[in-house]
Amino acid sequence: MKTDNQKAWLLVLPVLVLVAFSAVVPLMTVVNYSVQDTFGNNQFFWAGLAWFDDMLHSERMWNALGRQIVFSSIILAIEVPLGIFIALNMPKKGAWASVCLVLMSLPLLIPWNVVGTIWQIFGRVDIGLLGYTLDALGIDYNYTQGFYAAWTTVIIMDVWHWTSLVALLAYAGLRSIPDAYYQAAKIDQASRWAVFRYIELPKMRGVLTIAILLRFMDSFKIYTEPFVLTGGGPGNATTFLSIDLVQMALGQFDLGPAAAFSLMYFLVIMVISYVFYIVMTNLDKEEQGQ
Amino acid sequence: MSDRTAAPGASHLPGDVTAEDANTRLKRGSRVNGSAVVMTLYLLFLFIPIYWLINMSLKTNSEILGSFSLFPQDLTFRNYEIILTDASWYMGYVNSLIYVMMNTVISITVALPAAYAFSRYNFMGDKHLFFWLLTNRMAPPAVFALPFFQLYSSVGLFDTHIAVALAHCLFNVPLAVWILEGFMRGVPKEIDETAYIDGYSFGRFFTRIFMPLISSGIGVAAFFCFMFSWVELLLSRTLTSVDAKPIAATMTRTQGAAGIDWGVLAAAGVLTIIPGALVIYFVRNYIAKGFALGRV
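Each protein sequence line maps, in turn, to chains A and B.
The first sequence runs contiguously to residue 290 in the UniProt record's numbering.
The second sequence runs contiguously to residue 296 in the UniProt record's numbering.
Hints were generated in silico from the structure; no laboratory data involved.
Idealized CB from N, CA, C, for every residue including glycine.
It cannot be assumed that every hint is accurate.
To be verified - Taking lysine to any residue and the SDA-like style, the derived pairs with C-alpha atoms no more than 20 angstroms apart in a straight line are:
hint : chain 1 : residue 1 : chain 2 : residue 2
1    : A       : Lys285    : B       : Pro188
2    : A       : Lys7      : B       : Arg204
3    : A       : Lys2      : B       : Asn122
4    : A       : Lys2      : B       : Asp126
5    : B       : Lys189    : B       : Val155
6    : A       : Lys186    : A       : Gly206
7    : A       : Lys285    : B       : Tyr286
8    : A       : Lys2      : B       : Pro113
9    : A       : Lys92     : B       : Arg185
10   : A       : Lys2      : B       : Thr252
11   : A       : Lys2      : B       : Leu129
12   : A       : Lys2      : B       : His128
Claimed, not checked - One side of the interface only, derived from the structure: several residues of chain B facing chain A at Cβ under 8 angstroms:
hint : residue
13   : Leu75
14   : Ala114
15   : Val173
Just need the whole structure built from these sequences, with the hints factored in.
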């Protein structure tokens with residue numbers, strides 16, 4: 001299939017140089033900070049692994065990590081099934097299909113802080129439709145003060161924002177299934193569920209893995225939307241990893257701990273994503289083998 | 001037997017479409033309505049919050065805070081007027097668009113040859129390199145905010161458009177390579193070989209023959225680069241102060257001493273949705289096709 005060609009490196013070179021400048025250099029700065037201590041004046045001292053040790057015993061980081069994992073799990077558990085369900089109900093062709101595509105893509109292209117603003121305006125008890133309605137119904141809802149209200153709002157906001165991405169990917173997977181499969185199912189008198197379980201779901205596996213991978217990575221780095229909406233509050237209720245990190249690095253300027261935190265944060269994402277990646281490439285191989 | 005199994009399987013002649021459709025629609029009955037209801041509910045869920053933003057942007061602040069109504073009682077365009085006549089406001093949009101376009105062009109330009117190499121050749125360390133590129137897509141911008149600030153300050157690029165464009169390459173280049181590689185794998189290798197036999201040089205083959213073949217892939221990749229650069233706030237805010245300040249950062253201005261200027265904030269929000277909506281409109285066919293062909 002592919003031929004061996006070491007000169008292909010030349011084609012990759014521009015990417016390599018660019019990414020080295022925009023990723024490796026900054027990352028090395030982080031590594032640098034993570035093993036040093038400073039008393040200002042740009043004087044640094046070797047601190048070894050002290051910061052890593054500190055962070056590993058920091059309740060603050062573990063709490064943020066816990067909140068992050070709970071958040072990512074919840075939104076994946078909602079967005080993936082909902083996205084598939086929406087994709088199954090989308091019009092197959094014609095003008096309505098492209099209208100639906102355009103309308104559904106819209107939330108994806110709204111700047112993330114505006115997403116926060118939209119839900120801030122929508123959810124406020126005094127001026128928001130949602131907050132006002134819930135308040136009128138006698139439900140105690142205030143996302144700036146209530147723990148559950150804040151979490152629910154952040155989760156609904158994320159579902160609102162990203163379900164379309166899962167739906168569009170699942171839809172693309174569905175579109176690529178040849179008609180012959182459905183005809184065969186029809187001849188076999190397969191039930192609706194059987195068609196979904198044995199034809200549509202396996203055929204969507206590839207795109208769904210991408211969807212889950214993208215949603216996992218992005219939800220794990222979520223910053224702007226909850227920052228605008230709740231500012232990480234009430235208390236620390238919605239302080240996810242990135243919010244905590246930015247507070248530490250840019251707010252308090254604790255460079256050492258923040259750098260150690262960064263590296264561990266990055267490592268967690270990388271390990272989980274690596275597992276996804278391996279699963280995905282194995283799927284590709286299986287498909288090619290068929 | 002449900003309709004879903006029947007509908008895609010029903011192959012019909014082009015001229016026969018309406019009769020056939022009407023026919024199946026009669027047979028399907030309630031199920032079609034079920035789908036329509038689901039889609040309507042989902043689109044309502046998507047658009048009610050956006051409607052509310054538009055509603056707010058057309059009200060005066062006293063109306064927003066003083067009374068509660070589903071539509072503006074006292075229609076005003078003053079909020080938009082404030083934004084469109086004040087350079088410090090509308091330059092935010094211009095700045096954002098400039099660095100987003102720079103980023104899209106840079107990302108696609110460097111990603112094209114790299115994706116070609118990944119899709120066609122085996123070379124030393126190719127798989128590791130590919131995964132390493134992807135790890136940059138995973139990197140939380142929060143990790144990079146401070147080092148970026150220091151790096152770009154030290155090379156004198158702080159507060160320029162190119163700084164933000166380069167910073168966004170961090171996640172857009174890997175994504176573009178990933179998407180384009182998926183599309184290029186779908187192009188048979190024989191096409192390359194035939195072109196080389198016919199005496200095409202690599203450059204001419206790539207630009208004249210290969211790029212038109214994967215144009216929908218380029219469209220999709222450009223769309224995603226545009227999207228992820230346009231929506232990003234953390235890095236663009238950290239790397240700019242005045243001259244290249246993005247609209248997303250400008251919007252924080254509405255939080256003054258006297259509270260938040262809700263009307264102007266909402267109007268600014270509505271205006272940020274428009275470029276995105278235009279882009280979607282222009283690439284809608286690519287998206288439908290591209291989603292189906294490529295990886296993303």
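TODO: Tell me, in ascending order, the numbers of any earlier hints that this structure violates.
DONE: When the structure is compared with the hints, numbers 5, 6, 7, 9, 10, 13 turn out to be violated.
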